[in-house]
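Asker: This is what each chain is made of:
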Amino acid sequence: MDKRIYYFDNNATSRVAEEVAAAMEPFFHGLYANPSSMHFFGGSLQVYLDTARQQVADLIGAKPEEIIFTSCGTESDSTAIYSALRSQPEKKHFITTQVEHPAVLSLSKSLEKQGYRVTLLPVDTEGRINLEDLKNAITSDTALVSMMWANNETGVVFPVEEAARIAHSRGVLFHTDAVQAAGKVPINLAESKIDMLSISGHKLHAPKGIGVLYVRKGIPFKPFLIGGHQEEGRRAGTENVPYIVGLGKAAELAKKHLDIENVKVRALRDRLEAGLAAAIPNTKINGKGAERLPNTLSICFEYIEGESILLMLSEKGICASSGSACTSGSLEPSHVLRAMKVPQTYAHGSIRLSLSIYNTEEEVEYVIKEFPAIVERLRAISPFADGKPLFGAEPQHKD
Amino acid sequence: MWNYTDKVYEHFKNPRNVGEIPNPDAVGEVGSLSCGDALKLTLRIDKATDKITEAKFQTFGCASAIASSSVLTEMIIGLTLDEAAKITNQQIADALGGLPGKKMHCSVMGMEALEAAIANYRGGKAGKRVVTGAERIVCKCFGVTEAVILKAIKVNGLRTVEQVADFTKAGGGCGQCKGEIEKILKDYWSNADNKKFADMTVVEKIKVIEKVLAEKVNPLLKKDGGWIELVDVAGQTVKLRFLGMCSGCSSSAITLKTVVEKELKENIDPSIEVEQA
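Read top to bottom, the protein sequences are chains A and B. For the first sequence, the working numbering puts the final residue at 594, and the numbers step up evenly by one. For the second sequence, the working numbering puts the final residue at 404, and the numbers step up evenly by one.
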């Protein structure tokens, strides 16, 4: 690709860190053995797995034996939720939120079909959870609460530690999808009541195809994949040694970079947010009133549609994403923005810009410079933009 | 990423005829902000020739919605209203080298705006796709009427609820109307008149052909003292015999193609071929 890439889509996936690629490299050449093998070659790999497990544990304040390597965040989520439900077969109620990632939300729909009762906690217009709703939702039949640590679209951070305490006080297990949070906010599981936590490697500069499920020592656990004895019988399948090593390195880097993430990246995001809001009229920052991840900006542009904006940004080399209906192939805008009751005039024109430690000030300034003309152009085509009379009956949505 | 054609990208990046004609002769509007796409089409029409001399659009929507609107304006400038009225959403999609299935509703939006504009010019009606009591809304999320759904089923040969959503958006919101759409599909396709010719039994084929001959073709031929009868049907080929004054008429071969085949194609299925027995 000869076009310069301005990458602002790190909540979708992030670049593999050079240090991570370098750490993985020997395992594609010399170090190919199966760590379960009963020979010196296989046995020699165990130390690398141990190191990686320790590195991941260090990132989240866990014990190494509480770390299970999986293939991705979705597998971690499914494993956690099914484990909690299968280990308490008498309980048939599951609580999660309206704004979860599909990894949890689609599973909750499937659970409903399997006879479970599902409660989806609502959010307010800033995307925040009200913990009173959680308290009211828990019953003696509740098996598990699953609440994301931070939202992938808006970056809004949920009070998961407090939520976990509430769940525990009522004898309910608590899982959090921390796919977007890990490496961006400090996590110390030693001092929390969280029972299970999911991480995805490729969101924190490891490659795609590797994830983690943290399972607190002592809680009941039932494996999702059944087969060999790997991961202490908790996740069958030959260990993906190169990727586990890569994720370990990425976790070590993420811990080291947590300050950069919260100072430099936050400053870049704030500059981007202020720059766009100042240069472009009729914008709305989603979740502005809430605590947010330092790297995420979700911004809506009134009277224009997200896919058109994305494709024009793409022309300029800028990679972003959108919660508009048209980009996903569904007909409704993002379930997150709908749950936040973002007005219809804005909801279709949402753009998410998500940064990483690799973004520069120059890149941010480039986006601020290019963006206004794109919005102006699309608003010139739009029949609704500024001052033009609206037409068409507005059908009432049921939600 | 969507698999858009180069033509879609080209029209999206350089849309033709953007804007609004001042004091237009016709206005057609479809969609709304809540739908996620909307199109306002304004036309200048030459009163003497009934030709569209100027067309401009404003669109709120994705790349394929903007491209569909743009290519539509190119297609209709220079056409008479009768010619323009025949444009289908498939033709709009074809002009763009095709659209992804889930984006076909963008081409439908173009067709509907054009219909609304023509109705506006001819009837002096407001150029909105006005939904009255007769036009029952099936999909409440997107305000899609039964008439719109039926037309999309007919023009595009839609078979599934998902296809109806791809073309009209109906059923793509809360999904509460999916059962109703399924019933509309079932009723439509269980009516032999609507089946694809290839899917019909021989008896069904004979019935529909006889119907078109009796209602559309023979009334015309009778003016010249002749008529036509069905001899055989084999696959897509319909064998016919001219009788009366038509029998032996030197222009019967032309009549067969320009009248008989045209009527059968338009009323039953475009794949029909006719032969003189």
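Just so you know, these hints were derived from the structure itself, not from any lab. These figures come from a predicted structure and were not determined experimentally. Some hints could be false.
List of simulated lysine-lysine pairs, DSS-like, C-alpha gap at most 25 Å [unchecked claim]: (1) B:K278 / B:K349; (2) A:K198 / B:K323; (3) B:K134 / B:K174; (4) B:K213 / A:K308; (5) A:K304 / B:K134; (6) B:K267 / A:K536; (7) B:K229 / A:K304; (8) A:K511 / B:K134; (9) B:K278 / B:K322; (10) A:K304 / B:K267.
Covered, in the sense of this in silico footprint (three residues per stretch, anywhere, with C-beta under 8 Å from a C-beta of chain B), are these stretches of chain A [as the list claims (entries may be wrong)]: (11) 494 to 500; (12) 503 to 510; (13) 535 to 545.
We put the CB at the ideal spot given by N, CA and C, even for glycine.
Asker: For every hint, state whether the structure bears it out.
Answerer: Status of each hint after checking the structure:
no.	hint	verdict
1	B:K278 / B:K349	violated, 32 Å
2	A:K198 / B:K323	violated, 48 Å
3	B:K134 / B:K174	violated, 33 Å
4	B:K213 / A:K308	violated, 46 Å
5	A:K304 / B:K134	violated, 39 Å
6	B:K267 / A:K536	holds, 19 Å
7	B:K229 / A:K304	holds, 23 Å
8	A:K511 / B:K134	holds, 19 Å
9	B:K278 / B:K322	holds, 14 Å
10	A:K304 / B:K267	holds, 23 Å
11	494 to 500	holds (count 3)
12	503 to 510	holds (count 3)
13	535 to 545	holds (count 3)
Checked against the numbered hints above, the structure violates hints 1, 2, 3, 4, 5; every other hint is satisfied.
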